[in-house]
Each structure stands twice: as structure tokens, then as C-alpha cells.
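Listed in order, the protein sequences are those of chains A and B. When we follow the numbering used here, the leftmost residue of the first sequence carries the number 1, and every step to the right adds one. When we follow the numbering used here, the leftmost residue of the second sequence carries the number 1001, and every step to the right adds one.
Watch out, some of these pointers could steer you wrong.
[Stated by the list, open to error] Derived lysine-lysine pairs resembling PhoX-like cross-links, with alpha carbons at most 25 Å apart: (1) A:K400 <-> A:K187; (2) A:K319 <-> B:K1038; (3) A:K30 <-> B:K1063; (4) A:K251 <-> B:K1336; (5) A:K38 <-> B:K1126; (6) A:K63 <-> B:K1336; (7) B:K1392 <-> B:K1181; (8) A:K38 <-> B:K1083; (9) A:K251 <-> B:K1328; (10) A:K328 <-> B:K1251; (11) B:K1208 <-> B:K1426; (12) B:K1226 <-> B:K1426; (13) A:K63 <-> B:K1060; (14) B:K1187 <-> B:K1426; (15) B:K1318 <-> A:K60; (16) B:K1063 <-> A:K336; (17) A:K336 <-> B:K1251; (18) B:K1328 <-> A:K63; (19) B:K1038 <-> A:K126; (20) B:K1328 <-> B:K1028; (21) B:K1318 <-> A:K63; (22) B:K1126 <-> A:K30; (23) A:K28 <-> A:K328; (24) A:K30 <-> B:K1060; (25) B:K1038 <-> A:K83; (26) B:K1126 <-> A:K336; (27) B:K1126 <-> B:K1063.
[Unchecked claim] Beyond 12 Å from chain A on every Cβ pair, some chain B residues (computed): (28) G1047; (29) D1059; (30) E1086; (31) E1172; (32) E1375; (33) L1384; (34) K1458.
[What the hints assert, rightly or not] Pairwise CB distance ranges, derived in the manner of DEER restraints: (35) B:P1304 <-> A:K242: 41 to 51 Å; (36) A:T82 <-> B:M1180: 45 to 55 Å; (37) A:K242 <-> B:Q1055: 33 to 43 Å; (38) A:D252 <-> B:K1302: 20 to 30 Å; (39) A:K30 <-> B:M1180: 24 to 34 Å; (40) A:D59 <-> B:L1249: 35 to 45 Å.
In case anyone wonders, no lab produced these hints; they're calculated from the structure. Predicted model only: the values in this text are computed from it and were never measured. We put the beta carbon where it would ideally sit given N, CA and C, even for glycine.
Protein chains: 2
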Amino acid sequence: MAKENQFVSQIADIEKDFPQWYTDVVLKTKLVDYGPVKGTMVIRPYGYAIWENIQRELDKRFKETGHENAYFPLLIPMSYFTKEAEHVEGFAPEVAVVTHAGGEELAEPLAIRPTSETIIGTMYSKWIQSYRDLPVMMNQWANVMRWEKTTRPFLRTSEFLWQEGHTVHATEEEAREETMKMLGVYKEFAENCLAIPVICGQKTEKEKFAGAVATYGMEAMMLDGKSLQAGTSHYLGQNFAKAFNIQFLDKDNTLKTAYTTSWGVSTRLIGALIMAHGDNRGLILPPVVAPIQAVIIPIAAKKPGVLEAVDEMYDRLKKAGVRVLADKSEQSPGWKFNEYEMKGVPLRIEIGPRDLAEGKMTVVRRDTSEKAAAEIATAETTVLDLLATVQKDMLEASRKRRDSRIVYAQNLDELLAGVEGGNFVKAGWCGCRACEDRVKEFAQATARVYAEGETAEKCVVCGEKAEHVVIFARAY
Amino acid sequence: MAKENQFVSQIADIEKDFPQWYTDVVLKTKLVDYGPVKGTMVIRPYGYAIWENIQRELDKRFKETGHENAYFPLLIPMSYFTKEAEHVEGFAPEVAVVTHAGGEELAEPLAIRPTSETIIGTMYSKWIQSYRDLPVMMNQWANVMRWEKTTRPFLRTSEFLWQEGHTVHATEEEAREETMKMLGVYKEFAENCLAIPVICGQKTEKEKFAGAVATYGMEAMMLDGKSLQAGTSHYLGQNFAKAFNIQFLDKDNTLKTAYTTSWGVSTRLIGALIMAHGDNRGLILPPVVAPIQAVIIPIAAKKPGVLEAVDEMYDRLKKAGVRVLADKSEQSPGWKFNEYEMKGVPLRIEIGPRDLAEGKMTVVRRDTSEKAAAEIATAETTVLDLLATVQKDMLEASRKRRDSRIVYAQNLDELLAGVEGGNFVKAGWCGCRACEDRVKEFAQATARVYAEGETAEKCVVCGEKAEHVVIFARAY
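Please model the entire structure based on the sequences and the hints provided.
Listed below in C-alpha cells is the structure:
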């Protein structure tokens, strides 16, 4: 026990200092490290394996919904940004600029993409001629760069990895449908793969993507009650199509301007995963994206038959499609228990001489700490079923926690009390920027999304007629 | 026939103008387009799908040989490059430099990675303490930037996609073994997935990677007899370990400097694929990496039962794991034949009323133009077997062609005649730089790799004692 305590004490207390807990956990589980350039991160193998699982799940969904992957250049001529007025205003301050290359100063400075609407729009304009070329539905997996003042691994870094979908449609209706469809894909993915319940809805003018007509976001509640924007889907209307001249000859033989969308999620999702689950022992990873789904630990490894049984179980589970690890190293079982709990491995399988004698093994769930004996003979079924159960239970537990933390406010004091208590606060809003700014100033909370389908009488700030019910929260 | 001829005439004649044929084919099949910044390319969905297939096959092999993926930052402080003298000399002239970010001038200019030995070395130095931490075997899939004067899509572009493996070992022996192992992985992949036979061997000092002790390359012969360096594996000795202080406490309790390797292949492989196969009708893609392995084309589509049979075949082949497309568009069968031949689809399946009546379909191979009737009842087996046959035959045909074009030279005139005839030329070499430069000047050919295990009496240039047999060729 002494050893366990010593070990656990390396991580800050999750209740007392959540930010430090986060930093401790991401560094100690070797998910990530700081890069040498300010604000950059190195995604280490354990973290990158989560990203690969996220990519696999999302990529499958993108392809099933008719999208193709492509790759557009990293460097964008600075002049492209100025073609869409809101866009340049939003992104110019964060851009990293290449001024020299090949030993010479460049004639025009080049931006490292902070997002690719401008360069993709330029290519689309060249490729699209006729209604027969539509819709165009592409996605790219890429690195992007936004020079941020305050950075934290995964949550906000100068460079991050993401996917950005960019589609072109003949009509507003189709483009709006695509925007909502991809938001739905994100929601289903967040809930079923990351076990994170999300609230989807439209963003206010202030919070929308620079250049969009409408931005829809999905907001996830972290363990401290703060919100994290986990993904966005933008209806861009004709803003970029006009700026980049994306036109097509329609069936009626007239030249029309197209409608576009874009949508993205990033390595930020790994931050969401960490802060939506987890406890004082470290990470708790949902099986669908966990790099290791089950770890097998020998007990009294030197006793005859134990290591052989471990090897056999490893082979069987691997063959059954489980991402399994057998730790036969010389560390003590206690050390290993802590290590893999910290790493958030969903299931621990203990195999020791006593269990073996009865044809059994012990299976321990990371999410609930439940411990049970299981028949070795039917291990595959037991493990696969348990993984599915853990996945489902983690989502339900998160949903219950989140739902218990949504409150309503009639005035600013209630709103402040709500967010200070770690809640999402629903409140009426008149729709004016001054009131939105006042909430930020008074409660350090921002409008996350509109609560779709809900109505309120009065604005929580000015008391005038409410246009929307807004979910306010403090946010990452 | 008129239509077919018209169509084919869009591509330059492969015998008369191979470079133009290449450009025509990559643009017309929509593999790639030029980006707005000089020397950059846009990889379009059909080209990117090839890259995804390459990635899937290679990534599997990297993981099977014990490597893990990670991601290191794009931006590298300029000062890092100067730590390894040869390395900075080799790469500094090609680097793109970020001088401004977030609206301010940076204190230190940052390079966009041309390769990542320096930044990865920096992190390894931090992570590695003891012999227990070794070996470290990581790979990253990333974009890199090298500002080149002359560029061509896939073959040489300012930005390209690649993978770079970086490993650290306790001993020279282990590091050398890793270097050769990964070269072997590349060779097996090139031959079995790309159907390109390659010659592997060590590079001369002049041609080696800047900072390596020894570079091993794999050289592929293109249809015009020129060589393309398709991948490299570097034994870096202690050069980078010393420059970046990668040390470990060994079992004997003394501090030792580690040994490192790096190895990479890039989107250049797509260029290799195009130029190693192909004919006057366009691309010929090997099934393992072809985005579409079989295309089904209805004949007399309006006749009863034809489109239903096409749909059914599509479902059956898809279920059998074939990457299949059914083109039911209103274009004529002739137009479709040309289109998918140009795109290099390995198999074409024609389904029409006459065949159907006999329970048959027609299958046409892209590589040999062989046409045969096949039973619809056993379509899955037929198609899967044929795909395997095409894959094997394409490698054998390439190997035969390549082997028939390797000649020996005793003097510079023979060497010149050899490379002008579109051959790889084996010749003795004394080992001195002056003679290597003379070959380049006289025959516009470079030393590709040493012909392992072969010996020669005299240097092809100076007539002095030969140290190596070198494969000389003109190269991309």
C-alpha cells in the first residue's frame, strides 16, 4: 500500500487542482510532451495511438457519408486571406508567416494554413464547371497552425492535427443539410466512441467561425463543469464561393454561385477525452479509442504455468480482435496495477496460480473498479462483452453527471452562481452583443450554443424579450 | 473507334515524349494538380487514395516490426540544424523559414522541417535515460518542405508527404541491423505492393544523406530506363546522438552515447508507380494499391435485367472485399472503357444481355488487355484470383524489362551509350569523388547504389583499381 500511495501522490488531486491534475496526467502517462518551440506539443506514441483510433472511426464515417480524402498545400499566399473580409480579420492575427525560402526572400509572404477554406476554395473554383461536378465532398487530415498566446497540450497549441471537411453544393438547402449531417456524425462519434455526451446547437455571431453564415458546435462538459468545444460544422453560404469565384453552369444553362460548408475536429478531442473521464488514479479511456483495451498481469509469475497461461490468453484475445498487452516485466503486480490504471486501460486481467487451479482469471474494470472472477474457457466472450459494457456505462455515467449539472438562471447572479458551481447554465438572451459581453465580464462565461427548441421570456442580462435560450458556461 | 482515338490523343505518346506523357497522365486522371505556390501540389482524391493504400500497407509492416507512430512539431529552431555540421550544410539551402507569427517578429527564425532528425533527437535526449529505455523505435507520417528549384508533381515538390522512422539503439550492431531491416521492409513492399522490382544497396559518400554514416537506397527503373530513388534507410552512427546528446546509463553503470537510424519513403512513390507501369492508354495500377480494383460497366444498359445484374455484382464483389465501382452513368461504354483504362483500373467487368443470357460476364485485364468470359456464379473467386494474378504478373513483367536493361561498361563511352540506351550501367569505380563527378559530367549519370557482392578490376573512369561495382544511371 505504501508503494501505491507514493505512486498516486505523483498526480495532483483532481478535486483540489484540476488543471494540475490534467498536466500531471498527460505528461506522466506519456501522452504528450512540450515541444521546443513555445506552444508546440510532441504527441507521444500513447497519445498518437488514441489519435489513430479517432481517425479510423471518423474516417470510416466520412467515407460512409460520401466524402473523399485529399491533400492541399500547407502554405497559402497571404493575399488569399484578404479575399474574405471576416475571415482575414479572424485569422490574420494568429498566422505564422514564411518570408524566406531556399535562401531567398519570397516575393509574397506565405501563411502556414490556420484553416484551408481559402486555398481549397481556389482549387474548387478551378475544378468546378458544371452542375454535373457537384456536390464536391472532400476532407483532409492535416496539421494547422494558429499562434496562440496561452497554450496547453491538446487543448490549445500553436500547431495541432485535425481534419477539415470542405464541400460545395448547388443549393442552399443541400449545403445546410450537409452542415447538419456532419454535426450529427460528430455527435454520434463523440457519444459512441469517446463516451462523451455532447450538446449540439448554433453559435452566436460572436462565437461563430470567421467567414461563416452560421456555425454549429458540439459542447462537452468536462469533469470540472467547464465546457469544451469538441467540434464545429459551418454553413458558409456563398461567402467563400463569392470570394473565390466558385461558380457552375446549372441545368438551366445559367451561371450560378455555389454554396459551401466546412467542418472539423482536432487533437483537442484527446484533451476532451482526458477531462471528461478520469479520476485520482489517472486516465479512464473508453474501449473504442483506448490504445490498450485489456492488460494481462501475471500474479506470482514464477509459479509453474502462470506465464504460459498469460501468453495463451494474450494470443487468444489478440486473435479475438482485442487490443491487448501482456506485461511480463519484473515490476511488481502492485506497480503494474497502478501503471495501467493511470494509463486508463479499460480492463485488467490478473492470472495467478490460485485462479488458474480453478480455470479462472480475475477481471477488473477501470471505470467502476468492479472485480470479478471469470472462466478462462470463455475469456473472449467475457472480455468483448465487458468492453462493450464499459463503453456504454461510461457514456451513461457521463450523461448522468452532465445532466445533473444543467441549471437555469433568471438573472446574472444566478448565472454566476451556476457556472461557479460547475454547471452549464441555460438562460434567456435578447440577442444583442452587449448583453453577451456583459455575461462574459460578470461571470467569465460565454455563450456556448443555443438550446434548440427551448424558449424563455426574458434576457438574463437586460430583461428585454429573449430571442434564444443560450447555454452559458465557462469554457476551455 | 473515332471517339477512342480522339480520347487517346489527349495523352502524349509514351515512346516519343515520356515527360509529357507523365504530366498528361497525372493531370488527366486527376491524381494531382498544381498548387498556387510554386512547386507545391494538390493531391486529389484519386491520388490520395493511392497514398492511403500505401500508408495502410507500410504502416502495418512498421507496426509488425515493433515501431510506434508519434507526431513531432513542424517548426524547428534554426539553431538546431547547426548542431550537426554535415546536416546543416545539406539542408539549410532548401529550408523555408518562418520569421513572423502572431503579428510579431520571432526572436529566433523557425525552419519548416525538411526532415526531423534534429527535433526528434532533442526529444529523445530528454526521454532516454537508461538502457531500459532502449531501443526507441518511432515513426511519423508527416508533411515536410524542401525548397527545390525544379519541381514536378509527386517526383520533386516543395512540400511532400512522407513517413520518417527514427530509432535509437544501445549498440552499433543493433542500429545497423535496424537500418538493413527497414530497407528490406521497403523492398518487400515495393515489390509485392507496387509491383516494382528494386535494387537495394549502399550509396556513395556524395549521394548519402547529410549527416549519415551510411545511406542505403532502393532504386527503381522507370519505363524510360532512368532510375528513381524510391526509399532510403540511413545508419546515422553516433553523429546525431553526439550532436543532440542522446546518452544512456548502460547495464555496467557507465554513460554511453547511443546509435541512431532513420528511414523514409514519400509521395514520390506515387510518381514511381506511374512511371514504372503505364502505356499509351494511361496508368496501369497494381491491384494492391489501386483505388478501384475492378470497374463494372453495363452494356446495353437499357435492356431488361442488365442494371440489376450490375448492382448485384457490385454488392457481391464489395462484400468479397474488392474495391469495386459500378459506372451506370449515361456515357457510352466506349467512353467508359477509355476512362478506366486511363485511370489504370486493373480489371474491367462488362455485363450485357448476351453474356447474361448464358450466366456470364466479360472480364478484361488492364495490364495485358486479355479478355475472357467468366461465370457469374463464381465471380468472387474469379475476380480475386485475377487480381492476385495481375499483381504477380505486373511484378514479373517489370522485373523482366528491368533485368533486360542492365548492362556493363568498361569505359566512359560504353557507360554513356548504356545510359543513353535507357539502361542501368554497372561499372567499376575507384572510390574517388573526381571520377564520380566525371561520370556525371560525361554521361549525365549518377552513382545510384553499389552492386552488392560484385567485383570489377578497374575504375570505369581512371582505370585504377576498382573498389566497388557501382550501378550508374540517369535519375529522377
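The hints, checked one at a time:
Distance hint between K400 of chain A and K187 of chain A is fulfilled; the C-alpha atoms sit about 17 Å from each other, no more than 25 Å. Proposed proximity of K319 of chain A and K1038 of chain B is contradicted: the alpha carbons are some 49 Å apart, above 25 Å. About 19 Å separates the Cα atoms of K30 of chain A and K1063 of chain B, which keeps this hinted pair within 25 Å; it holds. A hinted pair counts as satisfied when its Cα atoms are at most 25 Å apart, and K251 of chain A with K1336 of chain B qualifies at roughly 23 Å.
For the given pair, K38 of chain A sits about 17 Å from K1126 of chain B by alpha-carbon distance, which is consistent with the 25 Å threshold. For the hint linking K63 of chain A to K1336 of chain B, the alpha-carbon distance of about 24 Å falls within 25 Å, and the restraint holds. Distance hint between K1392 of chain B and K1181 of chain B is fulfilled; the C-alpha atoms sit about 23 Å from each other, no more than 25 Å. At most 25 Å may separate the alpha-carbon atoms for a hinted pair to count; K38 of chain A and K1083 of chain B meet this at roughly 20 Å.
Distance check on the hinted pair: K251 of chain A and K1328 of chain B sit about 20 Å apart at the alpha-carbon level, within 25 Å; holds. Only pairs whose Cα atoms come within 25 Å are accepted, and K328 of chain A paired with K1251 of chain B is accepted, the gap being roughly 20 Å. Among the hinted pairs, K1208 of chain B with K1426 of chain B is consistent with the structure: their alpha-carbon atoms are about 19 Å apart, no more than 25 Å. For the proposed pair K1226 of chain B and K1426 of chain B, the alpha carbon gap of about 14 Å is at most 25 Å, so the pair holds.
With a C-alpha separation of about 21 Å, the suggested pairing of K63 of chain A with K1060 of chain B holds against the 25 Å cut-off. Our distance criterion of 25 Å between C-alpha atoms is met by K1187 of chain B and K1426 of chain B, whose separation comes to about 20 Å. Taking the CA atoms of K1318 of chain B and K60 of chain A, the gap is near 15 Å; set against the 25 Å cutoff, the hint holds. For the hint pairing K1063 of chain B with K336 of chain A, the CA-to-CA distance comes to about 24 Å; that is within 25 Å, so the pair holds.
At most 25 Å may separate the alpha-carbon atoms for a hinted pair to count; K336 of chain A and K1251 of chain B meet this at roughly 23 Å. Between K1328 of chain B and K63 of chain A, the direct Cα distance comes to roughly 20 Å. Compliance with the 25 Å bound is thereby established for this hinted pair. With a C-alpha separation of about 17 Å, the suggested pair K1038 of chain B and K126 of chain A falls inside the 25 Å cut-off, and the hint holds. Under the criterion of a C-alpha separation no larger than 25 Å, the hint pairing K1328 of chain B with K1028 of chain B is consistent with the structure, at around 21 Å.
Distance restraint check for K1318 of chain B and K63 of chain A: the Cα-Cα separation of roughly 15 Å lies within the 25 Å cut-off, and the hinted pair is therefore satisfied. Restraint check: the Cα-Cα separation between K1126 of chain B and K30 of chain A comes to about 13 Å, which is no more than 25 Å; the hinted pair holds. Pair hint K28 of chain A plus K328 of chain A holds up; C-alpha atoms about 21 Å apart against a cutoff of 25 Å. Between K30 of chain A and K1060 of chain B the alpha-carbon distance is near 23 Å, which keeps this suggested pair within the 25 Å criterion.
This hinted pair checks out: K1038 of chain B and K83 of chain A have alpha carbons roughly 20 Å apart, not beyond 25 Å. About 24 Å separates the Cα atoms of K1126 of chain B and K336 of chain A, which keeps this hinted pair within 25 Å; it holds. Of the pairs offered as hints, the one joining K1126 of chain B and K1063 of chain B holds, with about 24 Å between alpha carbons and a cut-off of 25 Å not exceeded. Distance check on G1047 of chain B: its Cβ comes as close as 8 Å (rounded) to a Cβ of chain A, failing to clear the 12 Å threshold; non-interface status is violated.
Some Cβ of chain A comes within 12 Å of the Cβ of D1059 of chain B; the nearest lies about 9 Å off, and the non-interface call is violated. Taking the minimum C-beta to C-beta distance to chain A, about 18 Å, the non-interface status of E1086 of chain B holds against the 12 Å cut. A cut-off of 12 Å between C-beta atoms confirms that E1172 of chain B is not in contact with chain A; the least separation is 25 Å. Every C-beta of chain A lies more than 12 Å from that of E1375 of chain B, the closest at about 31 Å, which supports listing it as non-interface.
With a cut of 12 Å on Cβ distances, L1384 of chain B stays outside the contact zone with chain A, its closest approach being about 22 Å. In this structure K1458 of chain B is separated from chain A by more than 12 Å, as the shortest Cβ-Cβ distance comes to about 41 Å. Between P1304 of chain B and K242 of chain A the beta carbons are some 48 Å apart, a value that agrees with the proposed interval 41 to 51 Å. For T82 of chain A and M1180 of chain B, the Cβ-Cβ distance of about 52 Å falls inside the hinted range of 45 to 55 Å, so the restraint holds.
For K242 of chain A and Q1055 of chain B, the hinted distance range of 33 to 43 Å is satisfied, since their beta carbons lie about 36 Å from each other. Look at D252 of chain A against K1302 of chain B: about 27 Å separates their beta carbons, and that is inside 20 to 30 Å. Remark: the range hint 24 to 34 Å for K30 of chain A to M1180 of chain B is upheld by a beta-carbon distance near 29 Å. Checked against the hint of 35 to 45 Å, the C-beta distance between D59 of chain A and L1249 of chain B comes to roughly 42 Å, which is consistent with it.
The structure is inconsistent with the numbered hints 2, 28, 29, although it conforms to all the rest.
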